[in-house]
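2 protein chains.
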Amino acid sequence: MNRQQLIEQIKLKKSFLCVGLDPDMEKIPDFLKQYPDPIFEFNKRIIDATKDLCVAYKPNSAFYESYGVKGLQSLIATWKYLPTDCLNIIDAKRGDIGNTSDKYARAFFDEATSGMSFDAITVTPYMGNDSVTPYLKYDGKWVIILALTSSVGSKDFQYLNTGDGYLYEAVIKKANTWAGADRIMYVVGATKSTEFTDIRKYAPANFLLVPGVGAQGGSLEDVCKYGITKDCGLLVNSSRGIIYASNGEDFADAARAEALKLQKEMQAELEKAGII
Amino acid sequence: MNRQQLIEQIKLKKSFLCVGLDPDMEKIPDFLKQYPDPIFEFNKRIIDATKDLCVAYKPNSAFYESYGVKGLQSLIATWKYLPTDCLNIIDAKRGDIGNTSDKYARAFFDEATSGMSFDAITVTPYMGNDSVTPYLKYDGKWVIILALTSSVGSKDFQYLNTGDGYLYEAVIKKANTWAGADRIMYVVGATKSTEFTDIRKYAPANFLLVPGVGAQGGSLEDVCKYGITKDCGLLVNSSRGIIYASNGEDFADAARAEALKLQKEMQAELEKAGII
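Just so you know, the sequences run in chain order A and B. Using this note's numbering, you'd call the opening residue of the first sequence number 1 and step up by one each time. Using this note's numbering, you'd call the opening residue of the second sequence number 1 and step up by one each time.
So here's chain A without its partners, still in its complex pose (with noise of 0.2 Å):
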């Protein structure tokens, strides 16, 4: 899915949602466990539920890497399975030089070798330009760089001053020499609304992936107050405020319901800003 098409189903679906796919086996309702593949069973009834109210999903690799090949499996099939007009996110957070990049972009790409091929993938830039480029060999493909992440740690270095503003900002001024923002989003967490206007300068057209909001206290108000651009130029992302809803047998009903009140939340927000 490319940025136009992007910033069509957000029109279109009035919400710039992403539902974070982070299946555990010890908080999935205990009725799924007698299915053959219950992961899969718990993500093809979340992503039923609430299809029509985000424009993207956003499986995190660790959850199903946790559970060795069983869970690698539950991914391909969830894979299959995400709508094509949604778009299909890998968070899996990379990084690695240029000759091991390209192995995972295989992994993630390239569907005859590995049995997926995401839209778009997490990448961490600690080791520079020939971790990140290999993945942009693929035609239409997105990569997502971490640059202000919305955890604790974040503060360790991603605020250190590089003469050449906070680690963060280095990120987003290099990152920009390598492709535009057809190519490249940033993760920008929730918590940190206030650094949105001055991630704003450096990259103003790029989307935004945004967590944190809901279990992390980000709020969806402020980061659009000062995130939001003429495309919306962002995605929220929200996982465990969504898919754990309630671990009953109702989770589905619940997913959609806290995915319905965020869409509502968005709507107001695209038409405050003037974009439907």
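Hints are computed from structural coordinates only; laboratory data are not their basis. Check before you lean on any hint, since a few could be wrong.
If chains are identical, the list can't say which one is meant, so a pair holds when it fits in one copy or spans any two.
Said to hold, decoys possible - Below, computed lysine-lysine pairings styled on DSS-like, alpha-carbon distance capped at 27 Å:
{"#": "1", "residue 1": "K155", "residue 2": "K137"}
{"#": "2", "residue 1": "K155", "residue 2": "K141"}
{"#": "3", "residue 1": "K33", "residue 2": "K70"}
{"#": "4", "residue 1": "K70", "residue 2": "K80"}
{"#": "5", "residue 1": "K264", "residue 2": "K225"}
{"#": "6", "residue 1": "K174", "residue 2": "K261"}
{"#": "7", "residue 1": "K11", "residue 2": "K80"}
{"#": "8", "residue 1": "K155", "residue 2": "K44"}
{"#": "9", "residue 1": "K137", "residue 2": "K70"}
{"#": "10", "residue 1": "K174", "residue 2": "K44"}
{"#": "11", "residue 1": "K230", "residue 2": "K11"}
{"#": "12", "residue 1": "K137", "residue 2": "K27"}
{"#": "13", "residue 1": "K173", "residue 2": "K230"}
{"#": "14", "residue 1": "K141", "residue 2": "K11"}
Knowing the structure of chain A, use the given hints to seat chain B on it.
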């Protein structure tokens, strides 16, 4: 394998060689492709041919992931086959917020859920404290944190001057507050040998995992000149230089010959430093 055991193995084998297991179907000998799991067959023969000459093995996760479910099965089979007198490192370069790092830790350290339990994992520091500490909850396991890497892209961010030294120095200083030299190693590329003196100021006792000898152009002599400690303190990795020394039926013998060459050089360095 703990620090003391690792040092004992280095003295016993007169080697601080780590063999990187980066199997690539386009490079492994044709005759192996008749087996149900050619990657495992390749690794098995490499391990058999080198296990008395090295003290560590380091499968690079990307190479396995690129083959999807079959690749993961090969990785698990390889992990099971790794000798117990070698440190088993998974080169995964993961890094994410705490609740996600918990899952990556399970993926690589918890055999009961994932089928694998390596001794050590490489991690990327960009997200700070909570992206690294979940691995340290596993008694006796190591984290190996990226500091100064060997590739071109290392210039982009690792050398940014943070006011507290270069970014890679700030990473080492901060990570030293998370755990000691019995739990944390650092990745420092062999192509950066002159920076080893500087790194030893901040990490006097930590083991350094050193890629980049061979294919990437680093010199073992320089690495030792500036980086060796009284306990050795180095694990020097070679991947391509050993495992692809030949692509014929003699590949295991050729791998052994290359490993032996490095082991002999390492023995001389250990003698020069008075360690053996």
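How the hints compare with the structure:
no.	hint	in the structure
1	K155 <-> K137	between (32 Å within a copy, 22 Å between copies)
2	K155 <-> K141	between (30 Å within a copy, 25 Å between copies)
3	K33 <-> K70	both (13 Å within a copy, 25 Å between copies)
4	K70 <-> K80	both (16 Å within a copy, 18 Å between copies)
5	K264 <-> K225	within (16 Å within a copy, 64 Å between copies)
6	K174 <-> K261	neither (37 Å within a copy, 41 Å between copies)
7	K11 <-> K80	within (25 Å within a copy, 51 Å between copies)
8	K155 <-> K44	neither (36 Å within a copy, 43 Å between copies)
9	K137 <-> K70	between (30 Å within a copy, 25 Å between copies)
10	K174 <-> K44	neither (39 Å within a copy, 42 Å between copies)
11	K230 <-> K11	within (12 Å within a copy, 64 Å between copies)
12	K137 <-> K27	between (38 Å within a copy, 22 Å between copies)
13	K173 <-> K230	within (21 Å within a copy, 43 Å between copies)
14	K141 <-> K11	within (21 Å within a copy, 49 Å between copies)
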